[in-house]
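Construct the complete structure from the given sequences, taking the supplied hints into account.
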Amino acid sequence: MVTIAKPAIFSVHKKCGEFSEYIEHPSHSGHTLQLESYQVFDCKLCGRNRDCKYFVQNLFCCEICDFTMDLYCAKYPPPEAIDISEIHHHKLTLLKELIEFDCDAKCGIDGYGFPYKCHECDLAFHVDCVWHPSKLIYPLEVNHSSHSLHPLQLLMGRSPEYSDGKCRLCGLKVDEFFYHCSSCNFTLDMRCVLNPPQQSLLDLKTHDHQLTLIPRLDSFICNACGLKGDRSPYKCCQCDFMIHKDCLALPRLININRHDHRVSRTSLVGVVNSVCGVCHQKVDWTWGGYSCQRCPSYIVHSKCATREDVWNGKELEGVPEETEDVEPYVVIDENTIQHFSHTEHYLRLHVNGVLCDENKRCSACTHPICLQPFYGCMDCDFILHQNCAGFLRKKWHVLHNERLTLVTNEADSFFCDACYRISNGFRHQNDGRDFDVLCTSISEPFIHPSHPDHPLYYNSTEEDKFCNGCNRVEYRMLGCIENGCIFFICFGCATLPQVVKHRVDDHPLSLCYGEKASCKYWCDICETETNPETWFYTCKDHRASLHKECVLGEFSGLMPGSTVKDSNGSYEVVLNNSVSRALCRKCKLHCIESRCIYPIVLKMSGTSDTYYCSFWCT
Numbered sequence: 001m002v003t004i005a006k007p008a009i010f011s012v013h014k015k016c017g018e019f020s021e022y023i024e025h026p027s028h029s030g031h032t033l034q035l036e037s038y039q040v041f042d043c044k045l046c047g048r049n050r051d052c053k054y055f056v057q058n059l060f061c062c063e064i065c066d067f068t069m070d071l072y073c074a075k076y077p078p079p080e081a082i083d084i085s086e087i088h089h090h091k092l093t094l095l096k097e098l099i100e101f102d103c104d105a106k107c108g109i110d111g112y113g114f115p116y117k118c119h120e121c122d123l124a125f126h127v128d129c130v131w132h133p134s135k136l137i138y139p140l141e142v143n144h145s146s147h148s149l150h151p152l153q154l155l156m157g158r159s160p161e162y163s164d165g166k167c168r169l170c171g172l173k174v175d176e177f178f179y180h181c182s183s184c185n186f187t188l189d190m191r192c193v194l195n196p197p198q199q200s201l202l203d204l205k206t207h208d209h210q211l212t213l214i215p216r217l218d219s220f221i222c223n224a225c226g227l228k229g230d231r232s233p234y235k236c237c238q239c240d241f242m243i244h245k246d247c248l249a250l251p252r253l254i255n256i257n258r259h260d261h262r263v264s265r266t267s268l269v270g271v272v273n274s275v276c277g278v279c280h281q282k283v284d285w286t287w288g289g290y291s292c293q294r295c296p297s298y299i300v301h302s303k304c305a306t307r308e309d310v311w312n313g314k315e316l317e318g319v320p321e322e323t324e325d326v327e328p329y330v331v332i333d334e335n336t337i338q339h340f341s342h343t344e345h346y347l348r349l350h351v352n353g354v355l356c357d358e359n360k361r362c363s364a365c366t367h368p369i370c371l372q373p374f375y376g377c378m379d380c381d382f383i384l385h386q387n388c389a390g391f392l393r394k395k396w397h398v399l400h401n402e403r404l405t406l407v408t409n410e411a412d413s414f415f416c417d418a419c420y421r422i423s424n425g426f427r428h429q430n431d432g433r434d435f436d437v438l439c440t441s442i443s444e445p446f447i448h449p450s451h452p453d454h455p456l457y458y459n460s461t462e463e464d465k466f467c468n469g470c471n472r473v474e475y476r477m478l479g480c481i482e483n484g485c486i487f488f489i490c491f492g493c494a495t496l497p498q499v500v501k502h503r504v505d506d507h508p509l510s511l512c513y514g515e516k517a518s519c520k521y522w523c524d525i526c527e528t529e530t531n532p533e534t535w536f537y538t539c540k541d542h543r544a545s546l547h548k549e550c551v552l553g554e555f556s557g558l559m560p561g562s563t564v565k566d567s568n569g570s571y572e573v574v575l576n577n578s579v580s581r582a583l584c585r586k587c588k589l590h591c592i593e594s595r596c597i598y599p600i601v602l603k604m605s606g607t608s609d610t611y612y613c614s615f616w617c618t
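In the UniProt record's numbering, the protein residues as written are 1 to 618.
Just so you know, these hints were derived from the structure itself, not from any lab. Certain hints may be false.
[What the hints assert, rightly or not] Keeping only pairs whose Cα atoms sit at most 27 Å apart, straight-line, the calculated DSSO-like set for lysine-lysine is:
#1 Lys91 / Lys117
#2 Lys565 / Lys603
#3 Lys117 / Lys173
#4 Lys540 / Lys565
#5 Lys205 / Lys91
#6 Lys465 / Lys516
#7 Lys117 / Lys205
Right, here's the structure in full:
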């Protein structure tokens with residue numbers, strides 16, 4: 001399988017790649033320096049602050065004292081003394097001790113480190129303010145194929161105020177060193193100078209004709225992705241085709257986690273009134289994108305299909321498609337199946353269900369069979385909800401970039417990476433990540449009774465949002481995309497059972513989606529006040545508002561009768577349904593509650609009365 005990487009924005013000099021892990025350096029004699037990686041540090045030689053929130057940076061540091069030095073200064077240390085008349089008329093000497101100082105170059109930056117000092121005038125300067133080691137390795141002037149009118153001059157520090165501070169070719173913000181033509185306001189970063197893009201190219205997978213780089217500021221629409229560009233496209237002079245430089249590397253055939261089939265790159269979407277399968281915004285049919293050969297109406301924007309949270313980065317052109325059977329059961333007759341997790345017996349369909357029996361639980365989701373059709377084993381007590389029996393053995397899902405595999409081993413408990421609940425039912429798994437089948441059963445568009453007017457779609461952004469169900473902050477949400485409609489629910493609330501049975505009431509309890517109330521509400525289970533504006537469970541006559549947590553507890557995803565383990569030992573999962581409720585050992589020690597209120601508790605294996613009602617207690 002071939003992996004197509006995005007264009008690199010990080011490069012390493014050959015000499016820099018030859019550093020050993022430990023070095024002796026004349027700037028810090030007496031101690032060995034070790035190569036480390038940090039996001040934030042100050043180079044004590046040049047005084048530069050290295051603060052980048054996007055990636056870690058390499059440096060040499062002393063484990064004995066507070067000394068750090070970037071790779072640049074390690075390879076090109078400033079000289080011990082310099083005589084630069086345009087800076088100062090006396091010789092400047094590099095100090096060997098760390099001091100705080102005010103830079104007399106009036107750069108406005110606080111000084112701490114090893115400055116250059118004039119002992120006659122008692123002046124101090126940052127190393128960078130008087131010494132530019134870039135001149136040792138970069139020419140002061142270059143001729144570049146993208147700007148043949150004038151040579152480009154090496155500059156350091158901030159870009160000129162009249163410039164936008166971006167490279168003309170790649171559009172990225174220029175770094176500390178860059179080349180610039182003041183006559184044409186033309187700027188190139190080091191990456192584009194050292195690795196210049198091709199001036200012309202012919203790639204029949206991208207376009208039928210030769211493409212030429214146009215290195216100028218010019219607004220255009222990219223034919224490959226349909227998005228605006230403001231500089232340096234590749235252009236076909238025969239048919240006015242334009243494309244971003246980055247879009248040249250768009251893969252031809254990929255899998256995305258929003259669709260079960262492969263999608264392929266097309267130069268013309270051609271489907272009128274189509275909507276992107278990722279962002280759910282309109283797709284202009286006259287531009288390029290990705291489409292599914294099996295589902296003609298399924299279209300995705302090029303940039304949406306290749307997002308890091310959608311695509312795993314693997315190009316699949318020339319790679320045979322996986323054809324293994326993903327169906328979870330074999331049909332014996334119209335009412336009988338043989339499920340892959342229970343091949344020893346047949347399962348018979350019961351359409352009418354049963355009335356919320358705590359002892360009859362689905363092995364997949366571990367919830368009780370409650371007014372739902374289910375498959376029951378004809379020879380033992382194995383049960384699956386009809387919906388749960390249909391979970392595919394292999395599937396793609398919005399929660400993960402790789403295809404997930406259905407695992408049915410209830411001996412291992414796990415925490416779901418979507419809703420954070422513990423479970424030992426079926427799960428979809430890949431690369432150490434586990435998702436319970438309730439969370440992976442959610443597909444787009446998702447219809448939830450709490451928001452019946454509009455469908456919900458997966459929303460994954462860096463911006464945290466409040467869940468309408470529990471009022472907690474989460475960044476992975478199911479949200480409404482209609483204009484003016486602000487509604488989000490987390491995966492935990494989206495997968496809450498709509499109907500449950502609890503010993504507090506003879507009738508099944510229904511999930512209520514919050515309501516305005518002028519009076520106070522009280523939970524009949526924990527006997528404390530509730531907030532009716534958040535979701536709660538209520539009985540048939542709606543006279544009670546019961547906390548979701550009190551009704552379900554923390555162990556609702558564990559199958560009663562099973563055994564789970566943690567670092568403290570082994571526990572039996574038991575129903576808390578005896579006449580005298582279990583007494584939690586931890587709660588008893590802290591005088592919090594006399595009896596456990598949750599419907600499922602853990603009992604320490606090998607004991608007769610050591611119970612725990614929550615994770616905090618264990």
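Structure-based check of each hint:
1. Between lysine 91 and lysine 117, the direct Cα distance comes to roughly 9 Å. Compliance with the 27 Å bound is thereby established for this hinted pair.
2. Using a Cα cut-off of 27 Å, the hinted pair lysine 565 and lysine 603 holds, with the two alpha carbons roughly 11 Å apart.
3. In summary, the hint linking lysine 117 to lysine 173 is not supported, as the alpha carbons are separated by about 34 Å, beyond the 27 Å threshold.
4. A distance of roughly 38 Å separates the Cα atoms of lysine 540 and lysine 565; the hinted pair therefore is violated under the 27 Å criterion.
5. Only pairs whose Cα atoms come within 27 Å are accepted, and lysine 205 paired with lysine 91 is rejected, the gap being roughly 61 Å.
6. Only pairs whose Cα atoms come within 27 Å are accepted, and lysine 465 paired with lysine 516 is accepted, the gap being roughly 22 Å.
7. For a cut-off of 27 Å, the pair hint linking lysine 117 to lysine 205 is broken: about 60 Å separates their Cα positions.
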